[in-house]
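All chains, please: the whole structure from these sequences, using the hints.
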Amino acid sequence: MPRHKAAVAVFTTLVLAGCTTDKPPAVQSSAPAASASQTAQGSGTGAQSKFFVQADFDAQLAMRSQTPQGPTDKPWEQAIAPKMIDTAKYKKDGPYHLCFSNAAVNNPWRQVGWKTMQAEVGLHKEIKKFTALDAEGKDDKQISDIAELQAKGCDALIISPNTTATLTPAVTAACGKVPVIVFDRGVETDCPVTFIKPIGGYAFGADAAEFLVEKVPAGGKVLALRILPGVDVLETRWSAAKVVFDKSKVQVVGVEFTDGDAAKTKSVVSDYIQRHGKIDGIWMDAGATAVAAIEAFEDAGLPVPPINGEDQQDFLQKWKDANLTAVAPTYPTYQWRTPIIAALKILKGEEVPEMWNLPQPKVTSENLSTYLKPNMPPLHYALCGCEDLPGFPETWGGKKS
Amino acid sequence: MNLLTRARRPARRGQARGGLAARLREPTQVVFLALLGLVAVGWVLVALDGGQFLTMESVVGIQQRSAALGIVAIGQTLAILAGSLDLSVAYLISLASLVAAEIMAGQDGNIGPAVAAVLAISALVGLVNGLVITRLQVHAFIATLGTALIIKGIVDHLYDGPAGKVPESFQLLGYSRIGPIPVSALLWAGVAVVAWFLLSRTRLGYRIYAVGGNEEVARLSGIRTGRVIVITHVLCSVCAGIAGLLLAARLGAGAPTVGTDGGYDLESIAAVVLGGTALAGGKGGVAGTVGGVLLLAVLDTIFNQLEVNSFVKDVVRGVVIVIAVAVYARRGTRRSA
Amino acid sequence: MKRALPILAVLVVLLAAIAVANPFFLEPAGFLAFLKRAAPLVILAAGQYFVIVSGEFDLSVGSLVTAEVVIAARLIDGDESATWPVLALLVVVGLLVGLVNGVVTTKLRVPSFIVTLGMLLVLSGAVFLWTGGAPRGALSEGFRVFGRGGLGPLPWSVLILLAMGAAAIWLMRADFGKTLIATGDNERAAALSGVRVDRAKIFAFMLSGLSAAVTAILLGGFAGVSAQVGQGLEFSAITAVVLGGVVLGGGRGSVLAAMAGAVTLEALFTLLNLYGISGALEFTVQGVIIIAAVAAGAIRLPRKFTPRRGDAHAAS
Chain A
1 MPRHKAAVAV FTTLVLAGCT TDKPPAVQSS APAASASQTA QGSGTGAQSK
51 FFVQADFDAQ LAMRSQTPQG PTDKPWEQAI APKMIDTAKY KKDGPYHLCF
101 SNAAVNNPWR QVGWKTMQAE VGLHKEIKKF TALDAEGKDD KQISDIAELQ
151 AKGCDALIIS PNTTATLTPA VTAACGKVPV IVFDRGVETD CPVTFIKPIG
201 GYAFGADAAE FLVEKVPAGG KVLALRILPG VDVLETRWSA AKVVFDKSKV
251 QVVGVEFTDG DAAKTKSVVS DYIQRHGKID GIWMDAGATA VAAIEAFEDA
301 GLPVPPINGE DQQDFLQKWK DANLTAVAPT YPTYQWRTPI IAALKILKGE
351 EVPEMWNLPQ PKVTSENLST YLKPNMPPLH YALCGCEDLP GFPETWGGKK
401 S
Chain B
1 MNLLTRARRP ARRGQARGGL AARLREPTQV VFLALLGLVA VGWVLVALDG
51 GQFLTMESVV GIQQRSAALG IVAIGQTLAI LAGSLDLSVA YLISLASLVA
101 AEIMAGQDGN IGPAVAAVLA ISALVGLVNG LVITRLQVHA FIATLGTALI
151 IKGIVDHLYD GPAGKVPESF QLLGYSRIGP IPVSALLWAG VAVVAWFLLS
201 RTRLGYRIYA VGGNEEVARL SGIRTGRVIV ITHVLCSVCA GIAGLLLAAR
251 LGAGAPTVGT DGGYDLESIA AVVLGGTALA GGKGGVAGTV GGVLLLAVLD
301 TIFNQLEVNS FVKDVVRGVV IVIAVAVYAR RGTRRSA
Chain C
1 MKRALPILAV LVVLLAAIAV ANPFFLEPAG FLAFLKRAAP LVILAAGQYF
51 VIVSGEFDLS VGSLVTAEVV IAARLIDGDE SATWPVLALL VVVGLLVGLV
101 NGVVTTKLRV PSFIVTLGML LVLSGAVFLW TGGAPRGALS EGFRVFGRGG
151 LGPLPWSVLI LLAMGAAAIW LMRADFGKTL IATGDNERAA ALSGVRVDRA
201 KIFAFMLSGL SAAVTAILLG GFAGVSAQVG QGLEFSAITA VVLGGVVLGG
251 GRGSVLAAMA GAVTLEALFT LLNLYGISGA LEFTVQGVII IAAVAAGAIR
301 LPRKFTPRRG DAHAAS
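Which chain is which? The protein sequence lines are A, B and C, in order. Position 105 of the first sequence, counted from 1, bears residue number 105 in the UniProt record's numbering, the numbering being contiguous throughout. Position 217 of the second sequence, counted from 1, bears residue number 217 in the UniProt record's numbering, the numbering being contiguous throughout. Position 198 of the third sequence, counted from 1, bears residue number 198 in the UniProt record's numbering, the numbering being contiguous throughout.
Among the hints, a few may not be true.
Said to hold, decoys possible - The calculated lysine-lysine pairs, modelled on DSS-like cross-linking and capped at a C-alpha distance of 30 Å, are:
1) B:Lys313 x A:Lys129
2) A:Lys177 x A:Lys128
3) A:Lys125 x A:Lys197
4) A:Lys128 x A:Lys92
5) A:Lys177 x A:Lys89
6) A:Lys197 x A:Lys177
7) C:Lys107 x B:Lys313
8) B:Lys313 x A:Lys91
9) A:Lys50 x A:Lys197
10) A:Lys197 x A:Lys74
11) A:Lys74 x A:Lys345
12) A:Lys50 x A:Lys264
13) B:Lys313 x A:Lys399
14) A:Lys264 x A:Lys373
15) B:Lys313 x A:Lys152
Worth flagging that the hints you see were computed from the coordinates, not collected in a lab.
Encoded structure:
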């Protein structure tokens, strides 16, 4: 212990003596105040998540019905209620060197997105170089990566943060040097030029929950399946669903974590079927294991109740084959195209929305056939917006025909 | 055979400067030669790719990247030298970062208590590990895996995301540097020097090698083997605690997944054996571990510069570790033959 | 057999506790459903047992399971006719990975902990390198039937479990078993008395690889393609074996007890789930129970000598 204190003392002295620090000046962190609304006890949904912010919830739900601006055939260029900002001060001549600090490529969603982004880069001749570093899901590595990228002479830096709170200092530091574009998860600072995201988790969770409330008879038993606690983008999905369920007549008989593991999901659902005899609806915070949940009913010889999944091919295929009562809210992977487009706009001095809210469509039984593409691999995300990109479908693992 | 090595060691310790030289033989030399080679290869590859390898940023990056792993690996070296190992470090790091950030709560005045609390909790975890291994006779693999699960459960139960706030002044630990040398690397160096001194200049160090070399013989020669193992585990956990503090300073908050995301458990063991320390204990040292950690960090930096995807990295890392240890094993046999 | 007694007692208590909370468990269908769920881990534990009793570790089984499922999905790609050739290929891949683990461990004298850790990295990297980051293709119905379907009321996985279990017990009763235990107990003594130590160990690793292949077939069949199907299975398998009273470091313990350890672990999960222990605290309970069970087993032993920590190479 003395050793450590000594070290602290030594470095403090050194700092006072005027040594270099890469630490950004005080961060204006605006941690969302947890305004958790108290919940109806006994509804089975438990206490409200501390991530829940009523104002964001209201805003996202409202955005669902707003008409986005921009070309309708290119949702990744659309924006909902954009507040445009001037970017003239970033204007410079091409060709450009774009840099990207990626949180990870460790799941199919990020894989599809990453391939889409690379293809988008290929469309623009004015990008002479695209440097991307993969943080492999490690906050600490991403902090180093961001620092390293600043030294590479990037004209713009795109960041997909691994976690919100912990990456904030690093992003703040980068903001001082290059125009920064953040997408997917946000950071607790408004220093990036633009923050790109689909409407968000509340809309996702509410879309699914509203569908179930409509389709499940009053008093029906709904099982909620979540991947894991603590991930902001997933917490918002559940907290929105909770609000919807609390106001409804359906009964949430369980909220279980599945770790995103298909076998565990199937086991959990089988257990609930066994315990309750009948489950009338399944709510999921992510679609990756939806098919496993469906199979639990099939294997038990029961009809599949109303369920939500996501825009993954295996679920869409099952939906069509088994003619399910289902809905698939999405968190579109086409958002990986937008940061490149935004970076180029910024470097050309064109206006961009300060908060770039992309539309977040949902797959319903009416539009299912437009999204279902049997030649794509089972874990492909339909809303990749990649159909018109060079290399489609092989690059995304699909087959030509 | 261990007996022979062991018998020679006191003599070497007796020589004033012989200790350092003695420790710089065989695997340690190999790992530093490999490190030099790798830097050279990296230079060429990155140059061919049109980049610059050893820029200021990448040198700083290498150090920043390896400091936390380096500190954990030093602790892991002590445990492994004593014939044990510690799988609980990753979760302990997460716990430490949370304890630190929660107690600090953004206040400069709380840094002292927070650091003290982290070190105390880490020492306690190490004590539990050590006692379960020695008193309850549970194999270190299972004992520390069990502790890891216990900590995981507690952390996951109490926290579902980053928590606490590290004051600006403490964040400097993670960001400041003196010229090209970050403070975090100095902290790592400090821990390494202390561990090196402990191993090569103290009675305890001698006992650690003895216990790791052959526990029975050590016991028969009057060493309280149990106590030695407990102490190495306490030190190992304290190192993990320090790494947790460092990461809290980097992140500005405590994070329940920072230890596991970094894979500090298996990666620290890999770094230790890459540095030439025998997994079975009794052979090796801190210098090798420092080399091993740097080797992994330089490898990472090369991959980063060349933008190699993470799957290739895994393959290369796996192959490198196995080949390195195979090389050491080969030399070991030749020498004893 | 004495060492197997504590685990059997724990198992009986756990099963009784499950039955109290969930009477359906006592019906044949309920119990079979439980066995079906436990089968993959039990088979994996049996494979891990061979490696552990010979004094080694196999940390690569988890990523081998994932790799096998991903390989199967990509090669079958929904084509029924590819099912059987791919099944055969999976078995070959499993044996081959075991062979490499075994040869590097014995011939290159690298501790198995490191060899299999390296293999873990190589497998998880290589398979996703091949599929471009995420699984692609799909499993055929014929493939999935082993994990999903059954022969009448008997799930295939339970039948496969019984067959594999019987084979494992038979192997341990045969000369191979005695050789393996002798190797794990004291490698040098075994070698001096004419046992082909290396060959026994290589065979043990191959059996572990084979069991991982079978586990992959059952798990892939049960729940379909997933990139994390094998995640953490290596630790579960080792824990199960140790719970069964098998000593890390080799030489002691029975394969039946190892499999009982796996069933116990699965029963523990089921019980914690049934009693609604908070998802996170489940791990804490698991950690305490593992340490307690192993400690209880160890304390029965005469104190004179605990086998070497680490692995058998310590002897060299």
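Discussion item. Hints numbered earlier in the text: which of these fail when held up against the supplied structure?
Written reply: 8
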